[in-house]
Amino acid sequence: MGVIEVEQIKEVVSCVFILAGVIFMLISTIGLLRFPDFYIRMSAITKGASLGVGLILLGLGIYFNQPDIMLKVLAIITFIFITAPVAAHVISRTAVRNHSPFWNKTNLKEFEEYQEKLHLDKIKNHDRYREEQKTEKKPSGAGDNV
Amino acid sequence: MSLFQITLTIAMAVLSLCLLLTAIRFAIGPTLPDRITAFDLIVANVIGIIAIYTEFTGNEDFIDVAIILSVFGFLGSVTFAYYIMKINV
Amino acid sequence: MKTFYLHSAIAFVSAYLITHQDPPPLPYNAFSTAFVFLVIFWILWSTSWFYNKPYFRKMPKALFFAVFFIKELLVANIKIAYDILTPRYYMRPTVIALPLSVKTDLEITLLACMITLTPGTLSIDVSENRKILYVHALYVKNNDVELLKQYIKNGFERRLLELTT
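Chains as they are written, first to last, in UniProt numbering: chain A, 1 to 146; chain B, 1 to 89; chain C, 1 to 165.
To be clear, the hints were calculated from the coordinates, so they are not data collected in a lab. No incorrect hints appear here.
Subject to a maximum C-alpha distance of 30 Å in a straight line, what follows is the list of computed DSSO-like cross-link-like pairs (lysine-lysine): (1) 103(C) / 122(A); (2) 124(A) / 131(C); (3) 53(C) / 71(C).
Next comes chain A alone, as it looks inside the complex (with noise of 0.2 Å):
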């Protein structure tokens, strides 16, 4: 009786679990759908993945209850927790970089002179590397330099 009791107290909080990991991820799939731009929907879908993840992946921990598996989940788990903003970071300033437009109702009064500080320096390195064409004859070396 009792250990009947158990198996389905389990199994009714990984599926609570499971539920809400998986209603966090549509969520973030839709505002993938919707938003009107990159930065706003990377910043809409990094966190909204890795939490509905992170839910997924603890009820299945629990359903288990074993505590190598356990291991094994709190092991991704972390995983993606110290992964995803790293990614998010690359991958926006890969976007910054390549000057991906932003929303027409974005505030940027604060950005507006590091993006034309690094224009500046992107046509810099151009210049330069077309001067060390003409000299050397050898395309070399200004790629490097970001």
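Since chain A is already given, all that's left is putting chains B and C on it; use the hints.
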């Protein structure tokens, strides 16, 4: 069919729907960073699907697949982003 | 920090050994193992009062920081979910330049990761001299940028500095 299995089936169906919607963004994404973002979300979706499949079958060995997938998804998106950053500057 | 690693390693190994004995003293499941791990870790932490005073004082702060962080994550995730599901947009996206008072690479990385994981804010770029972090924020109350900066500086950066120094 117990309540638990019905819940798992619903979760699997919703995650498949998520995969489909993400594929739409992957196809129409106006810029390349959008596509990398969609790729990141696809990897997260597949990890969730693997977790639910593990609970369906009760076979514990599939969790290793999820570990490896989480590592390689991160490496893939970072590599892709760096490649785009380097070719345009 | 070294003491933390050492203590968690000791607690992990002893929890493993205790749960894998032949007549198991505890039922073989995840919660009893986690319980054993936490008890051993707590005992080790309370002995650290004799040889490592700063570690003894920092541990509760780290715990409160973790709870605060999880609360932020959940609350603001629900906020973004509300914005996704209703047809009107309530957001006013802004790019703010956050002057950094943390110095080392580890602290900047941790701060940027935490800012990215708090929904509504996304760290975009760091300037060349590592003084300014550019943050893309979705919700700015009453267009008051200074308030948001103060919030981030008081909420995350101050606690992080307390932990690492």
